[in-house]
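Protein chains: 2
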Amino acid sequence: MSEISILSPATVANVVCGFDCLGFALSAPCDEMTVRIIEKKTVRIVNRDQFNLPTEPEKNVAGAALLSMLKAIDENFGFEVEITKHIKPGSGIGSSAASAAGAVVAANELLDERFSKLELIEFAMDGEKVASDDRHADNVAPCIFGGFTLVRSLAPLDVVTLNFPPLFVTVIHPQIEIKTSEARRMLPLQVSLKDAIRQWSNVGALVSGLQKGNYELISRSLEDFIVETVRKSLIPKFDAIKNKSLKAGALGGGISGSGPSVFMLSETSVTARKVENVMREIYSETAIDFNIYVTKINAEGIKILEK
Amino acid sequence: MSEISILSPATVANVVCGFDCLGFALSAPCDEMTVRIIEKKTVRIVNRDQFNLPTEPEKNVAGAALLSMLKAIDENFGFEVEITKHIKPGSGIGSSAASAAGAVVAANELLDERFSKLELIEFAMDGEKVASDDRHADNVAPCIFGGFTLVRSLAPLDVVTLNFPPLFVTVIHPQIEIKTSEARRMLPLQVSLKDAIRQWSNVGALVSGLQKGNYELISRSLEDFIVETVRKSLIPKFDAIKNKSLKAGALGGGISGSGPSVFMLSETSVTARKVENVMREIYSETAIDFNIYVTKINAEGIKILEK
Chain X
762 MSEISILSPA TVANVVCGFD CLGFALSAPC DEMTVRIIEK KTVRIVNRDQ
812 FNLPTEPEKN VAGAALLSML KAIDENFGFE VEITKHIKPG SGIGSSAASA
862 AGAVVAANEL LDERFSKLEL IEFAMDGEKV ASDDRHADNV APCIFGGFTL
912 VRSLAPLDVV TLNFPPLFVT VIHPQIEIKT SEARRMLPLQ VSLKDAIRQW
962 SNVGALVSGL QKGNYELISR SLEDFIVETV RKSLIPKFDA IKNKSLKAGA
1012 LGGGISGSGP SVFMLSETSV TARKVENVMR EIYSETAIDF NIYVTKINAE
1062 GIKILEK
Chain P
762 MSEISILSPA TVANVVCGFD CLGFALSAPC DEMTVRIIEK KTVRIVNRDQ
812 FNLPTEPEKN VAGAALLSML KAIDENFGFE VEITKHIKPG SGIGSSAASA
862 AGAVVAANEL LDERFSKLEL IEFAMDGEKV ASDDRHADNV APCIFGGFTL
912 VRSLAPLDVV TLNFPPLFVT VIHPQIEIKT SEARRMLPLQ VSLKDAIRQW
962 SNVGALVSGL QKGNYELISR SLEDFIVETV RKSLIPKFDA IKNKSLKAGA
1012 LGGGISGSGP SVFMLSETSV TARKVENVMR EIYSETAIDF NIYVTKINAE
1062 GIKILEK
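Respectively, the protein sequence lines represent chains X and P. If you count the first sequence from 1, you need to add 761 to reach the numbering used here. If you count the second sequence from 1, you need to add 761 to reach the numbering used here.
If you are wondering where the hints come from, they were derived from the structure by calculation, not from laboratory data. Don't take every hint at face value.
It does not matter which identical chain is used: a pair holds within one copy or between any two.
Stated by the list, open to error - For lysine-lysine, the following DSS-like pairs were computed, each having C-alpha atoms within a straight-line distance of at most 27 Å:
#1 973 <-> 1057
#2 973 <-> 878
#3 955 <-> 878
#4 993 <-> 955
Excised from the complex, chain X in its bound form:
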C-alpha cells in the first residue's frame, strides 16, 4: 500500500452547554489529504491550497501530529502528507483538528491500523497544540469517531460516543478573526454554583435527548449561561442570528468552538435551509464577508477514499 487519500471533516466543539466536552462532526466542509510512506524518518508537508500554512512539520498541525505518531514507531520510515484544505483556518469549525486528525488516521491506515482511535486522538492533540497552544480533544474526537462525542476526561483520555437522531446543521462563518487565546481569556475563572448546576443539568438532559431522539428535549437543553454570555460580544449580530433562527424553527445552537462560526441545529433540511436564509439576510446587511454551510451530522468521521 503506497498512499492513502482521505476526507477529514469540519467539527463543532462545545455545543452550547457542553463547553470543553461535547462535539460533533459535519458532513461538509472537509479537507482532502493524501499520506504516503517515505524512506526517511521525517515528515514532509505539501500544501495544495492558498492558505500558506507552514511546511516545517513541527509548526504545521498535521506535521506535528505525524511527528508525535513517528515517536511511537520503532521502524525507520516517515510520511509525506499532501493537504488541500477546504476548511478555512480560524473559522472555528475545527480546521486544525481536521488536519491533525486526518493526517494520523490516513497514516494509521497505511500501517494496517496499528494504533487505536484513542491513540490517534493523543497524536492529533499534539497537532492541535501547535494551533492553539492547548492539547484539547473537543474537535479531534468527533473528527476521528464521527457523530457526537463527549470527552469525559483528557488524562486518562476517555471519549464517549453518543447516539443521536438525524440532525441538520446550518453554520455561518463570518470572515472575522477571533484568536482562541483571546476567547479563552474572556472566560471567568470562577462560576456561580447555581449557574454550574444549570449547565450540568442541561448537559445531562442534552445527552438524554440525543440518545432518545427527543428533539424537544434537545431544543430545551441547548442553553448556556456561562460561556455564550461573555463570548457572544465577539460575534457581530449573534443575538439576531440566534433569535431569528429559533423563530425559523431551529432547535437551538450557538458559537462553534471559540467562534467566529455560529451553528444552528434543525430537525429537517427544510428548516436548516430556512435558517440559512435568516443568516444570509442578517449578514447581508453588514460589511462582513461570510460563508454558510447547510449540512448534517457526519456519523462516519474521517472517510478513507482510496488505498
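Position chain P against the provided structure of chain X, taking the given hints into account.
Frame of chain X, contents of chain P only:
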C-alpha cells in the same frame, strides 16, 4: 372509590456528580400511606408510627402537599391521610419526599388521575418546602416517576426520565443528624470553571452510561469534585466506606442527598451484599448506630396497593 393505599419509596438525590439534578428511587424502604376523601375541605393527618411528626397539616410535609393540591381543586372536599413511615426522617434518603409525593399520588388516584405527574411534583415540592425550606424536586421526581430522573429545570418544571440497566444499591444510614441547612451552608457559592467542566463532563457521561447500560462508563463517571469534598467531613468513615466498597467491586457511589446516608451502586446483588459487609465491618468499629439496606433501583416509583 373510598380510599387508596400506596407504598412510597425512599430515593437517592444528587448521585455523586449530579448535584441538584439527578435522583433515583429505591425498592426499599417504603412508607405505607392510606388516603381517603373527607367531607370538609381540609387535611387530616393520622400518624401510625413512632416518629411524632406534626399533625397540623401545614407543618406536615404530606399535609402541606395535600393542602397545595386542594388549592387547585374547586370542589368542597378534603383528605385524611394515614401514615406509617418506615423511612426515618433525616436519613437523607428522601423521607420527606416519600410522604409528600405519596400523599398527592394517592389522592390523585382517588380523583381518577386528574393531575399530571408534573403537577403532582409541584404539589409535592410544597410539602418538601416544609421539611427543608427549599422547594426542590430531586427526590419527589424519582419517587413519582420511578427509576432514574434528571430535573433539568424547576421553573418551568422539566423532568427527564433516564433509561438505566439493572443496578443494585447498598445504603448505609448512620444514625447521626445532619441538618440540610447546615449541609447547604458548607457549599461554595463559586466553583472553578475547571471543576465545573469536569462535573458536567461526568454528568453527560453518566447519563450516556446509564442509557447504554455501560457499567464501566457509569463507574468512571461517578466522580464529584465539588460537593463531596466539602460534605464528606460530616460523615464519619466516609472515605473508608467509599474506598473499601470500590475495592469490593462497587461501581461507585457517595453521599445520598445531603447525608448522612451513603449509597453504593453495584452491577450484581452479590457485589451489593459484599458492599454491605464492608459497610457493616467499618461501622461496627464505631459507636454509631446504623441501618443498612440492600436493594435495587425501583423502576415503578410509588406503588398503588389497593383501591
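*asked:* Hints numbered earlier in the text: which of these fail when held up against the supplied structure?
replied: Structure breaks no hint.
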